[in-house]
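Chain by chain, the residues:
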Amino acid sequence: MFNVLKERLYQRYRTIKFPFDTQNMPEKFLGLPEISNMTKNELEYLQQLCPTNAFICRNDEIGIDLGKCIFCGECLKHTNNIHFSKEYTLGTTDRNDLIITNQKRKIDKSTKQFLFKRLLKKSLKLRQVSAGGCNACEADVNVLGTIGWDLGRFGIQFVASPRHADGILVTGPITKNMEIALMKTYDATPKPKIVIACGACAISGGPFFNSDEVVGGVDKLLEVDLFIPGCPPHPATILISLLKFLGKV
Amino acid sequence: MVKIKQNPAIINLENLPFLASDDFLEKIISSVENSGRIASYFVYKHRDKLNAVAIIMFDEKKEFEVFAAKVNKKLNSITPKIPQIYNFEREIFEQYPDAINGDKLKPLRFHKPFEGKRQNYDIGDMEFYEIDSHETHQVGVGPVHAGIIEPGHFRFNCYGEKVLSLEISLGYQHRGIEKSLIGGPYKDSFYKIQTASGDSTIAHTICYLANLENLSGIDTETDSKLKRMAALELERIANHVGDLGGLATDIGFLPTASYCGRIRGDFLNMTADLCGNRFGRSMLEFGGEKVEKSLFEKIIKKIEATRPNLLGAIEMLWNTPSVMSRFDNTGVLPKKIAMEMGIVGLHRRASGINNDIRKDFPFLLYDKYFKEIQTDDLNGDVLARGLVRHREILTSLSILTNIANNINDNAPKPNTNSKLYPNTVSISFSEGFRGEICHVAITDEAGKLLRYKIVDPSFHNWNGLAYVVRNEGISDFPLCNKSFNLSYCGFDL
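Heads up: the sequence lines are chains L and C, in that order. Residue 105 in our numbering sits at position 105 of the first sequence, with consecutive numbering throughout. Residue 326 in our numbering sits at position 326 of the second sequence, with consecutive numbering throughout.
The set of hints was computed from the structure by calculation and includes no laboratory data. Quick reminder that beta carbons are idealized off the backbone N, C-alpha and C, glycines included. Don't take every hint at face value.
[Stated by the list, open to error] Chain C stretches covered by chain L per the calculated footprint, using a threshold of three residues with CB under 8 angstroms from any CB of chain L: (1) 82-90; (2) 141-151; (3) 182-190; (4) 196-203; (5) 266-277; (6) 431-443.
[Claimed, not checked] Calculated pairs, DSS-like style, for lysine-lysine (alpha carbon to alpha carbon, straight line, at most 30 angstroms): (7) Lys179/C x Lys86/L; (8) Lys176/L x Lys448/C; (9) Lys77/L x Lys293/C; (10) Lys77/L x Lys419/C; (11) Lys77/L x Lys62/C; (12) Lys225/C x Lys28/L; (13) Lys17/L x Lys301/C; (14) Lys86/L x Lys419/C; (15) Lys176/L x Lys482/C; (16) Lys448/C x Lys5/C; (17) Lys176/L x Lys117/C; (18) Lys176/L x Lys112/C; (19) Lys301/C x Lys28/L; (20) Lys184/L x Lys225/C; (21) Lys371/C x Lys448/C; (22) Lys187/C x Lys106/C; (23) Lys28/L x Lys302/C; (24) Lys106/C x Lys184/L.
Just chain C, same shape as in the assembly (with noise of 0.2 angstroms):
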């Protein structure tokens, strides 16, 4: 087995282990069993077959595994062995239903299949979970939502004001990113992957320009590492004081709701300082970005200022009863079931599992700048979900004063070489402000891309919320939802 530690990973197709399609989903329930969690599992076709891979992450051993098989005969669904491989599956059954035996997963974008033929369904034409009872009711929501959110649809069975269960059902984002990907890289494929899901943009467009400098043979300079981590760091901070700021909405608490939705912005505008976007598009670049040293000192200024601001509005948060009642012992996740979920980044940090990709298998220079967020005290209710955001605000805060004294203004060599190695897989995790993000490219004999799979956080964890509004009363689900804020672009890919 190809066992790696490194962050990102190169292997060449030919040392990848290809297994005997049962072999390959034993070794998958095994792995899962013995503390493992699937980070991709996904389909490509080379030269007319179809090919399964699957990535296993072993966070407490720090390495991971990959591994694949030929798809002669269909592969069997093994969501019933393990749960958190339900999403995984059902996606490989839309993009190539040949793949897979399944014809009883539902579908989730709804869209053609990559390859072959399947059953057309319309979208949000699926079987939702029923109960047959007089006493129980459906309340069906979306996909237009009341507030200026994406689309999606949920759907509630509940007994008078209790959840029983909650379906969701994405997929109107559906943009064919993955699929347009195939035999690049395009022109626009670095503005589409940009877009894969806006407010991680930064996190995302780092994931792509490792595979693909990787995949290239170029390694960037300590400078540009430090400046990419710099605008992670922006991203996430600005990501997370919006989010506290949402969860004070949700729960009426104006003086933080109004207080966080502008500092949110305030840090937004230093990310468009250092590049003109307040997203930050277009700001990293192949091989290397030039974003001069005087911005981030200015930045480290303007934040220096807004911190008390900032660190005020949010502390109100934790001082005022009220609030703390409406957020303790909500909307609980515990950690077992995180665990058998296979929930990534802060939402399983808020579970009390202390994984996070910038320790356990850091990427750019986070090993030497990280120290890792405590987690011990949180039960995965959405007060931990609140308190993991205020923390890791905090060790952001601390890594940007630290990063933004050792950027140097060295321009990196213009890179014209953009031909990719043949016949190899690259592998890049990151962790966005949501948490794990996993790009996968591999190439053909020409150095076109074969498959590029991209696995949003989101992609992990919506079942998650599904799971903690269960025997909630329905009003507490925006409160739920506030609190894992989900991406469902950056699902529907």
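Chain L extracted, bound-state conformation (with noise of 0.2 angstroms):
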């Protein structure tokens, strides 16, 4: 008893502040994209190399999406026109804010007014489903109910079983063998219910965005309210978007 004691005044109060500034993100973390003058062929040049064909052209708009982009790395380098800032709010109600052109180079932040929002105010329990995850997703919402992050403080909290729950937090690219189980743990949630896909395999599928074996993304089978890109995303990105979900940033 008395050792744990010590202990406990030797690891002290390691609980972070959030949200922080983006200065506290690794040197090295890869955020919101910007892109500058960029040429077609050098669109089509990174098309090409491209993992998960993130890269688009609309409407003579060179864009970026980070539902599918896995934030590799590899199209930095190759080229000089995309930078990626450590700005790590990524999460938006809309997917097709999550498209990153050189015309409009900010994710939006404002959330859409929830419908139930002010039932939520002060708290959301959240069900997590893992449909087909590498587990990396998994572990990186598990690691916000550690001390550090201390997920309770802002009242939200995972919970057991889907009949707690106010929505579903899906990771993964939703495998065939996992269709019927999420569909399920849906149904198995109380209306009025959310869902959250996060991840970019739960987004768009990833890289297994072209396997027949994966229904690739939730949106093909649920309508989602909160989209949270990365591979996996970074506890922040997870966090701070579901506090801009909920209105309390």
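Could you fit the two chains together into a complex? Lean on the hints.
Structure representation (structure tokens):
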């Protein structure tokens, strides 16, 4: 008992202040990208290179789809016209906002007036469903529960039963084998309920977008209320996205 | 026979000994009976013909054997003679049903076969072991578990609270990685391998790059080898710390649980300092990586600052009698059974068998930096698996400190040669934090991959978990499960 108390004094209080400055992110962290004058030729080259086909061209605007991007940095080795900042706020409620073009450089940070926002103002209980995830997304969602991040202080909690939850947070590209289990979990969640897609896999299939064994993206099955890009998303990205979604930040 | 000592190894397909089907199976049986262990056993298709390949490890002799067979008639199931081949046979029947007499084998991942036809199964649709009795009952858990973990289904047969048997049905995470690599390597292959098992990203990537570099005739520089080792040891420490925290959580010992959870994050953040990603995604590169020396120096300083916190948090476990009484003699995997089931990695070491790829088949520069982990006093219970993790953390910390001083800023030459040797087999092993990872690449005439076979340590070890919960209270299952901490996605691929 004495040893436990001694250790407790030694380990001190370690919960981090959140949200924090982008300077606290790792030096090499790849966050919100910016695209400057990119030519069509360069785009075509990068399209061939990008493992998840994240580069797109729409209405003559060259863009990078953060829903597909796995932040591998492969494009950075071949062009100087893309720059990844350390901005970790990447979550959005609208799938189209994830497409970053040279015209519109910022992700729309304003939260969609969420129907149940007032209902959820004080607390949010989520059931996590891993649907083919490689367990990196799961690990980084899990880490929010540790004393460092202390998710509980924001009124957010991951619960064991979907029947206790306000919604589900899905990770993984949804393998064909998990489709039924995911839908059953969703059905077991009482209305009104929200769906959160966490990680490139859950948004678009990630590296598995072209595999026959996966559905590829939660939005193919359910209407998604919040998209959190990354492979896996940094815990800070997940947490700030949830907080913005709840209108707490 | 081809006997190989080096890792990674390369063999010309012509030099691979091909046996007749029956001799092939006889050879597997006799090898396993003579203290061999199956590292990999799979089927591939070449010019419309099916071929089977077996890789047998002889840990004591520090060598492994590779041999193959043309599958002219269906192979027989030899599980009754050597239990450790069970999962491999189920997998072969699932991928190539024409290669094996497997009508009695249960499905493993429930997917459509790569070739040929087989009865269609729905996920989870199999005949579980049942006991015809009014006094026993079944408990089914999953696929969606109560925590934030991956999906899998567990079926217990219980007598009161005592577990008589546990059967595990996985496959929910099956993403078709192996199948998608055939005909490659493609531009996304590397990224699929990295997500084979998210927490072992570095260990799997090391194996994959070793095979590809081997097949391209590229020799990585010492500097890259050191960097890869540093990344792997960081990954190992982070995961082991997390697991020890998890063990403490499952018995409700909160001090260690909360400190270890946080300290695990510290180590993940160190990996992020190196490459920007907490799991080391895209850190390793074909031909060698460019990570600055200064970053490693920074990390060593951070490690020194974290070390007292880390060791304090872990040692508290062994100094608390109530913790020890829960760990001691719970979920015992005896040495003999571990051998018979072909258990690998830290779970094998916890049963008192001192096998480690870093020692037996050193890859990178482990022959120079790795000193073996003491296992004589371990008897295969939860406590033993905890202690092995503690000892490995200490070893990894000292390896990291030793390596960091020797890393230089040698920038590797850019390699554009991505053409692989034709008709060649490359085999590479690495020791992930769970244990032995085995990757085999076989190329065709054009240098494209005919087959890429991945064996994650979880593939060998899930049956070990099913074994240790027998005759335990069902309430001890979470603790046993956490002490194994196996990968669902690494198994499902």
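Exercise. If you check each hint against the structure, which ones fail?
Worked result: 1, 6, 7, 11, 14, 20, 21, 22
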